[in-house]
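2 protein chains.
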Amino acid sequence: MVDQPLWEQIGSSFVQHYYQLFDSDRSQLGTIYIDESCLTWEGQQFQGKKAIVGKLNSLPFPKIVHSITVQDHQPTPDCNILSMVVGQLKKFNRNIWEPKEEQSILDSRSGACVKQKKRAPQYNFGCRLA
Amino acid sequence: MVDQPLWEQIGSSFVQHYYQLFDSDRSQLGTIYIDESCLTWEGQQFQGKKAIVGKLNSLPFPKIVHSITVQDHQPTPDCNILSMVVGQLKKFNRNIWEPKEEQSILDSRSGACVKQKKRAPQYNFGCRLA
Numbered sequence: 001m002v003d004q005p006l007w008e009q010i011g012s013s014f015v016q017h018y019y020q021l022f023d024s025d026r027s028q029l030g031t032i033y034i035d036e037s038c039l040t041w042e043g044q045q046f047q048g049k050k051a052i053v054g055k056l057n058s059l060p061f062p063k064i065v066h067s068i069t070v071q072d073h074q075p076t077p078d079c080n081i082l083s084m085v086v087g088q089l090k091k092f093n094r095n096i097w098e099p100k101e102e103q104s105i106l107d108s109r110s111g112a113c114v115k116q117k118k119r120a121p122q123y124n125f126g127c128r129l130a
Numbered sequence: 001m002v003d004q005p006l007w008e009q010i011g012s013s014f015v016q017h018y019y020q021l022f023d024s025d026r027s028q029l030g031t032i033y034i035d036e037s038c039l040t041w042e043g044q045q046f047q048g049k050k051a052i053v054g055k056l057n058s059l060p061f062p063k064i065v066h067s068i069t070v071q072d073h074q075p076t077p078d079c080n081i082l083s084m085v086v087g088q089l090k091k092f093n094r095n096i097w098e099p100k101e102e103q104s105i106l107d108s109r110s111g112a113c114v115k116q117k118k119r120a121p122q123y124n125f126g127c128r129l130a
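These protein sequence lines are chains X and Y, in that order. Counting along the first sequence from 1, when you hit position 99 you're at 99 in the UniProt record's numbering, and nothing is skipped either side. Counting along the second sequence from 1, when you hit position 104 you're at 104 in the UniProt record's numbering, and nothing is skipped either side.
To be clear, the hints were calculated from the coordinates, so they are not data collected in a lab. Some hints could be false.
Stated by the list, open to error - If you want the footprint, here are the derived chain Y segments under chain X, 3+ residues with CB under 8 angstroms:
id : segment
1  : 34-42
2  : 73-84
3  : 98-112
To be verified - Over 10 angstroms on every C-beta distance to chain X, these chain Y residues come out as not near it, computed from the model:
id : residue
4  : 24
5  : 26
6  : 31
7  : 60
Note that the coordinates shown come from a computational prediction; the quantities given were computed from them, not determined experimentally. Ideal Cβ positions, reconstructed from N, Cα and C, are used throughout, including at glycine.
Work the whole structure out from these sequences, hints included.
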């Protein structure tokens, strides 16, 4: 851990904290966002803590489990942190893991998530033969 | 197009230009990056125009075709543009389309790509049953 650049340490700590909160008690996710935060969920845009937490709490599955496969972190030009997460999720009552990818910009001073995008690739890649 | 926010217009123009260049003449991609640019390619990091263009030109497939499925753009806190692209690519001599996801931060003044991450999800999601 000590050999990692600071943005890697902050980024991976954020990822661990965020998905633990998402999987255990989604109503607590308000601590992650601020009023300037933006979320794009499958192309649909939400701005501000209230709208984002409202969306996340209105999801039709009461319980979800994330499994993170890979994560990449880079510092942004204004010294925040850009994170990409690729993994899988399992919804309550469904016995399959679905692919998921997300990207976030973290404010390095407050630790808040100021920009976030979520996509479920299986709905977007489709299956295409040449 | 005129009803789109400015960051959507800049972001989608960048995506069109970038993948057209990538597919037609990869050696021209040096016009996209600057010396401050960073690229994370499947977890491997490259910094600066020379290192990034060197990596892209050393790829073992001479020709590639991208097909963009969805793209999302958001302004960043420092007025640059954060883009997420999900799509498919077909390598020369292979008759299948493979899923691909990329994220970029564009400098809104110069149009340069200052941060970029590329992942091929099929290698990272795997196939997992509960």
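Here's how the hints hold up against the structure:
A stretch counts as covered by a chain when three or more of its residues have a beta carbon under 8 angstroms from one of that chain; for the segment 34-42 of chain Y and chain X the count is 3, and the coverage holds. Check result for the segment 73-84 of chain Y against chain X: holds, 7 residues qualifying (beta carbon to beta carbon below 8 angstroms, three or more required). Counting residues of the segment 98-112 of chain Y whose CB lies closer than 8 angstroms to any CB of chain X gives 5, which reaches the minimum of 3, so the coverage claim holds. With a minimum CB-CB distance of about 18 angstroms to chain X, residue 24(Y) clears the 10 angstroms threshold, and the non-interface call stands.
Interface exclusion of residue 26(Y) from chain X stands, the closest Cβ pair being 20 angstroms apart, more than 10 angstroms. In this structure residue 31(Y) is separated from chain X by more than 10 angstroms, as the shortest Cβ-Cβ distance comes to about 19 angstroms. The Cβ of residue 60(Y) lies farther than 10 angstroms from every Cβ of chain X, with a closest approach of about 19 angstroms, so its non-interface assignment holds.
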